[in-house]
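*Asks:* Line order of the protein sequences matches chains R and W. Per our numbering, the first sequence starts with residue 1, numbered consecutively. Per our numbering, the second sequence starts with residue 345, numbered consecutively.
Do not rely on the hints blindly, as some may be mistaken.
[Unchecked claim] Calculated cross-link-like contacts (lysine-lysine; reagent style DSSO-like; alpha-carbon spacing at most 30 Å):
id	chain 1	residue 1	chain 2	residue 2
1	R	K26	R	K192
2	R	K33	R	K74
3	R	K74	R	K211
4	R	K107	R	K310
5	R	K107	W	K384
6	R	K33	W	K384
7	R	K274	R	K192
8	W	K384	R	K167
9	R	K192	R	K33
By construction, these hints were calculated from the structure, which means they are not laboratory data.
Here's the letter readout for the chains.
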Amino acid sequence: MSDQPTTPADLAGARYETTVRQQAAKLRDELIKQTIEDMESWLKAAENEWTAAHPDKPFGSPIPPQEVEQYRAKVRTEYFEWVVPAFERYLTPDPDDIDPVIDSLRKIEGMFEGQADTAGNFTGASPALSRINDVRTDMAAWEGSFKNNFIDNFLTPLQSVVPNQRKLVSLVRGQLECNKIIYIRYRAAVLKLLEKGIHATQMLNNARDPKAELWGTLIACAIGTALGAVTGGWGLAATAVLLDAGGTLAQGLIPNPPETNDLSAPTAVEVGIKISQAMNALDHDTSEQERLVANALNEITGMLENNRSKAIFANTAGNFSVAAPQLDDATGKQITDGAFRPAN
Amino acid sequence: MVENVTGGDLYHLWRVSEVNLPRVADVFYDANRLLGGPGKNAGDSFRENTSIYPGSSFLTSSVGAAWEGVRAEMQTMMAQIGTTILDAAQGVRAATQAYLDVDRANADLLNVYLHDPLNHDPADIASNPPAPGADDNPGTPLPT
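Make a model of the complete structure from these sequences and hints.
*Replies:* Laid out in structure tokens, this is it:
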């Protein structure tokens, strides 16, 4: 299919973890700093207004300075304590943790590489599977109904099951790779959110007009359309939506999502609220993508169970299973009486 | 009928049941062991996105659950095929035995044939049954 999606270095392992923690702490500090400044400027405005409205009272603001200091401490210790834990949630999942699974599936695909040619020979990458041909050759020295049954119901179906298995494993791997890409994009969105959030807060500090700080969540994975033809014979539900890893990678590993969330606001508290709303949007979009992956995997499981249980129950060759040859249950007398005899 | 059987005929069956089919089965058992071993989900592979019951703060992953479903099914599938192949080998072995059991004259057909260096080289690994514990020995599949 395609190259394996590799997590970019800045989104992988300890480096990502450190960045998230540092940036989240920085965002918290900026929000606190800015809120105190907002508070001070609001306090100054209130004092001005109050002094103007009460020219007869000489001592200014009705809020005593000690009380203001208390509120300031409250902003420092309580207002934005949610920021760091909220972003620590994004430390998992690790996209690379799925790698051993994807590698195992790739290994199986490698083992099952190959197919039966028109002459009925199995040509494949695995020397062990090529021994299916040797079995056929050795069995040619024998004849009788048990031999025919052995070839037609067991050996030949075995050859055609192998490419099916390989296709199946590759389909499943594609879904898992899409899931990995989703998590890579998820991490990229987190870092972007932190960066833009810090920026939106700092902008207030510079006392310029707040400009829009736009942020987007993540791009949806490509839906596989070309898979229908292959999987038709398997009886996969017509409504099944499978994801296409190759097509998803073709979008670029981390494409720029449409930026629809504006993080800028007149005060730091409001910026904080917008950041938390953006986190919700990210969670929602990620869950939506995960739902597609889970559904695709469930569809594949259902299809597989259906194929296998029917074929195994009837002891016939199926898309993903082979039947036991009659020879398994033959008595010695049946065999030596001629149903399975040397061909000469 | 029975008199027609030669050591060479039985040797063909012996190759099928002892040398070739176990090695074919091993490929499927290997796949089974990959799916049940390193192919299993490890660590933080999946995001925990679903409450185990409405309102619960304990979360599980919907993708993880779906993957476990398809993984377990594929693991059983590989074991089933491998086992069917070994069963077929057993059927062929029983057929060989049926001919050896016919009478005393037949009993040694295969042994004599196998011990003639012109017919069979017991030191050639690829032409002999896979050794116990060797890479190409099917061993046992992992239960799901």
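*Asks:* Could you run down the list of hints and mark each one as holding or not?
*Replies:* Hints, one by one, checked against the model:
1. For the proposed pair K26(R) and K192(R), the alpha carbon gap of about 14 Å is at most 30 Å, so the pair holds.
2. Restraint check for K33(R) and K74(R): the C-alpha separation of about 12 Å stays at or below 30 Å, so the hint holds.
3. Between K74(R) and K211(R), the direct Cα distance comes to roughly 29 Å. Compliance with the 30 Å bound is thereby established for this hinted pair.
4. Between K107(R) and K310(R), the direct Cα distance comes to roughly 28 Å. Compliance with the 30 Å bound is thereby established for this hinted pair.
5. For the suggested pair K107(R) and K384(W), the alpha carbons sit about 14 Å apart, so the restraint of at most 30 Å is met.
6. Note on K33(R) and K384(W): the hinted pairing is violated, with a Cα-Cα distance of about 47 Å set against a maximum of 30 Å.
7. Distance hint between K274(R) and K192(R) is fulfilled; the C-alpha atoms sit about 14 Å from each other, no more than 30 Å.
8. The hinted pair formed by K384(W) and K167(R) meets the criterion: a straight-line CA distance of about 19 Å does not exceed 30 Å.
9. Straight-line distance between C-alpha atoms of K192(R) and K33(R) comes to about 21 Å, which keeps the hinted pair within the 30 Å bound.
Going down the numbered hints, you'll see the structure goes against just number 6.
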